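Start from the sequences and build out the full structure, keeping to the hints where you can.
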Amino acid sequence: MIPGSRIAWLLWPTVLCSLSVVVYVFHAYLFQRYLPGSNPESFRRFSAAAAFYAFAWLLARMAAAALTRKAKKKRKTPRLLRELVSATLFAIATVATIGVFLGQSAGGILASSGLIIAILGFAIRNVLADVLSGIAIGVEAPYRIGDWVGFDATIRGRVTEIGWRTTRILTPNDTYMILPNSQISRQMLTNYSAPRKQYQGELEIVLSHDISISDGKQLLFDAALSTSPAESLAPGQKPRVRATAYTAEGVTYKIKYWVPQFSDSTDCRDAILVAIDDAIRSQGLALPVATPPRPQAIALRQPDTPDNPGA
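Residue numbers (the UniProt record's numbering): 1 to 311.
Derived by calculation from the structure, the hints in this document are not laboratory data.
The structure presented is a predicted model; accordingly, all values stated were derived computationally and were not measured.
Mixed in with the good hints there might be a few duds.
[To be verified] Keeping only pairs whose Cα atoms sit at most 27 Å apart, straight-line, the calculated DSSO-like set for lysine-lysine is: (1) LYS238 with LYS256; (2) LYS254 with LYS238; (3) LYS197 with LYS256; (4) LYS217 with LYS256; (5) LYS197 with LYS238; (6) LYS197 with LYS254; (7) LYS254 with LYS217; (8) LYS238 with LYS217.
Shown next, in the form of structure tokens:
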């Protein structure tokens, strides 16, 4: 939001706040001058209610502008958080207005409606669970719009919208998924975009004993480094190769490599596998072949019979 539009966005709430405060403060004088003989009490209450809602409107606009400005430096702020701030401010204004109009009887009226609220709450308990989970997500912000996330390692995608009841994600297959917030709150969440977009992927390769471990590590490192997108990574984000197992079939190496962002994970893995295959074939190395397990003799025990006791 540019500065000029931000000022215009806050202009009308500011004007309404100023006007309602002036009317509330000078309501007695205004009635005596323009409406003599009328009861100014009702107008005083309406002007107070207008002031409450005007201030709620202004504070909501200011909070939204502050959150939007903060989001330019970091990840985008969820719309749910801005709506939650606005709803809280208007709820406070509503309670204050009820107190002004009903006075001391406001508490009794709210208490008598407790049974109705309980019945409605039971009827829409699933909706309330989604909304409360959405509020928790908006406040805690475990993910934001644009983040790549995974739920229980089965659902992965990019967050496109966070609402009161649901979160919408776009999967790598361009499938649009809508997940209830209460379901998300019960699942294990992995955020691939936090604290930064780059993250480490890994794969395992088995090389035969025709090549030493030192040479094998260097070969795999050079192959992985040749595919590393240096322009998208920091200088220190280079592949790492470690030997993790030594068996009769060969030596197992674990390769950790950096991925610029989650959407590039498949392409990065494919490029590294192609580079490793080319390097192995250029060195004339034989790929390890798993040795089939040896058959084991199984002794069958005959059941005990009268003719063969203790067999």
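These are the hints, each one checked on the structure:
{"no.": "1", "hint": "LYS238 with LYS256", "in the structure": "holds, 9 Å"}
{"no.": "2", "hint": "LYS254 with LYS238", "in the structure": "holds, 14 Å"}
{"no.": "3", "hint": "LYS197 with LYS256", "in the structure": "holds, 16 Å"}
{"no.": "4", "hint": "LYS217 with LYS256", "in the structure": "holds, 12 Å"}
{"no.": "5", "hint": "LYS197 with LYS238", "in the structure": "holds, 15 Å"}
{"no.": "6", "hint": "LYS197 with LYS254", "in the structure": "holds, 22 Å"}
{"no.": "7", "hint": "LYS254 with LYS217", "in the structure": "holds, 9 Å"}
{"no.": "8", "hint": "LYS238 with LYS217", "in the structure": "holds, 14 Å"}
Consistency note: the structure conflicts with none of the earlier hints.
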